[in-house]
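So the sequence shown is numbered by the numbering used here: it starts at 300 and just counts up by one.
I should point out that these hints are in silico values taken from the structure, not numbers from a laboratory. Please note that the accuracy of each hint is not assured.
Unchecked claim - Across the chosen pairs, the derived CB separations fall in these ranges:
1. E418 to N457: 37 to 45 Å
2. S366 to G404: 29 to 37 Å
3. T452 to D379: 12 to 20 Å
4. V456 to G367: 28 to 36 Å
5. M407 to N457: 17 to 25 Å
As the list claims (entries may be wrong) - Calculated lysine to aspartate or glutamate pairs in the EDC-like style (CA-CA distance at most 16 Å, straight line):
6. K351 to E377
7. K436 to D356
8. K351 to E438
9. K375 to D356
10. K455 to E377
11. K436 to D358
12. K351 to E418
13. K375 to D358
14. K455 to D356
15. K351 to D447
Even glycine gets a Cβ: it sits at the ideal position worked out from N, Cα and C.
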Amino acid sequence: MWVSVMTMKLNALVAIFLFAFGASILPVMAEDTSSALENQTKTPLIVQGIWKVSLADIDVIMALNQSGESLFGLAKFEGDNPWNGAVAGSLSGNEIYLSLAAIQGDVMASTLMSGTVVEGSIAGFYIRSDSSGHAAKGELAATMISPDTSGYTPAKVNAVETVQEAAPLSQQGSNVAQTTEQPASSSTSKFKDVTQLAKGINPNILPRMAPL
Numbered sequence: 300m301w302v303s304v305m306t307m308k309l310n311a312l313v314a315i316f317l318f319a320f321g322a323s324i325l326p327v328m329a330e331d332t333s334s335a336l337e338n339q340t341k342t343p344l345i346v347q348g349i350w351k352v353s354l355a356d357i358d359v360i361m362a363l364n365q366s367g368e369s370l371f372g373l374a375k376f377e378g379d380n381p382w383n384g385a386v387a388g389s390l391s392g393n394e395i396y397l398s399l400a401a402i403q404g405d406v407m408a409s410t411l412m413s414g415t416v417v418e419g420s421i422a423g424f425y426i427r428s429d430s431s432g433h434a435a436k437g438e439l440a441a442t443m444i445s446p447d448t449s450g451y452t453p454a455k456v457n458a459v460e461t462v463q464e465a466a467p468l469s470q471q472g473s474n475v476a477q478t479t480e481q482p483a484s485s486s487t488s489k490f491k492d493v494t495q496l497a498k499g500i501n502p503n504i505l506p507r508m509a510p511l
């Protein structure tokens with residue numbers, strides 16, 4: 300009987316101890332869990348890498364670099380009339396915002412993109428406008444090709460020739476010769492040289508002045 304009473308008392312003490320220990324550790328565990336969730340929320344997603352972005356009927360390749368929530372990089376289009384551009388943007392949670400600027404042909408174009416990042420893919424929409432007054436919007440879909448941006452190379456764009464070709468040297472020489480060899484045009488003066496006009500006139504027919 301005495302042993303059973305002692306056992307009951309011992310079990311009661313153990314239960315009280317466990318209850319007190321649990322009550323003391325629960326706030327610590329809750330605080331650690333809250334800190335972990337807070338740190339996870341503050342840590343931005345990693346989107347640095349090379350992306351293939353589908354905008355309507357064209358595919359654009361973007362190389363994004365990342366510094367915290369700030370994004371910057373390059374973009375290119377390698378289809379007909381290829382071009383290169385610059386990209387800048389930001390992250391907010393799993394929401395991504397990008398702005399692409401490029402000279403496409405003979406116009407300056409700007410494309411704003413917004414989407415949601417989920418496991419190496421982006422889904423959202425875009426708005427495009429250019430310096431000629433055209434505008435368009437639609438859905439975008441992007442997939443990360445590689446997390447390493449070092450393999451990105453710009454598109455090969457043919458330079459626009461704005462300087463006219465110079466004439467051959469032989470033709471230039473003939474033009475110079477024609478210019479220098481042209482005779483100077485003679486001009487007739489409005490004034491007459493009276494000494495020349497007086498030549499050949501018989502002085503005997505001139506009237507004689509009376510003496511003063």
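Evaluated hints:
Between E418 and N457 the beta carbon distance is about 39 Å. The supplied range of 37 to 45 Å therefore holds. Separated by about 32 Å at the C-beta atoms, S366 and G404 satisfy the suggested range of 29 to 37 Å. Distance hint for T452 and D379: a CB-CB separation of about 19 Å, consistent with the stated range 12 to 20 Å. Against the hinted window of 28 to 36 Å, the Cβ-Cβ separation of V456 and G367 comes to about 32 Å, which satisfies the hint.
Checked against the given bound of 17 to 25 Å, the beta carbons of M407 and N457, roughly 18 Å apart, stay inside it. Between K351 and E377, the direct Cα distance comes to roughly 12 Å. Compliance with the 16 Å bound is thereby established for this hinted pair. Distance restraint check for K436 and D356: the Cα-Cα separation of roughly 12 Å lies within the 16 Å cut-off, and the hinted pair is therefore satisfied. Only pairs whose Cα atoms come within 16 Å are accepted, and K351 paired with E438 is accepted, the gap being roughly 14 Å.
Annotation: proposed proximity of K375 to D356 holds, straight-line Cα distance about 15 Å (limit 16 Å). Between the alpha carbons of K455 and E377 the distance comes to roughly 8 Å, so the proposed pair stays at or under 16 Å and holds. Simply put, K436 and D358 have alpha-carbon atoms about 15 Å apart, close enough for the 16 Å limit, and the pair holds. Our distance criterion of 16 Å between C-alpha atoms is met by K351 and E418, whose separation comes to about 14 Å.
For the suggested pair K375 and D358, the alpha carbons sit about 9 Å apart, so the restraint of at most 16 Å is met. As the CA atoms of K455 and D356 are separated by approximately 21 Å, the hinted pair breaks the 16 Å bound. The hinted pair formed by K351 and D447 meets the criterion: a straight-line CA distance of about 13 Å does not exceed 16 Å.
Comparing the model with each numbered hint stated earlier shows that hint 14 is the single one that does not hold.
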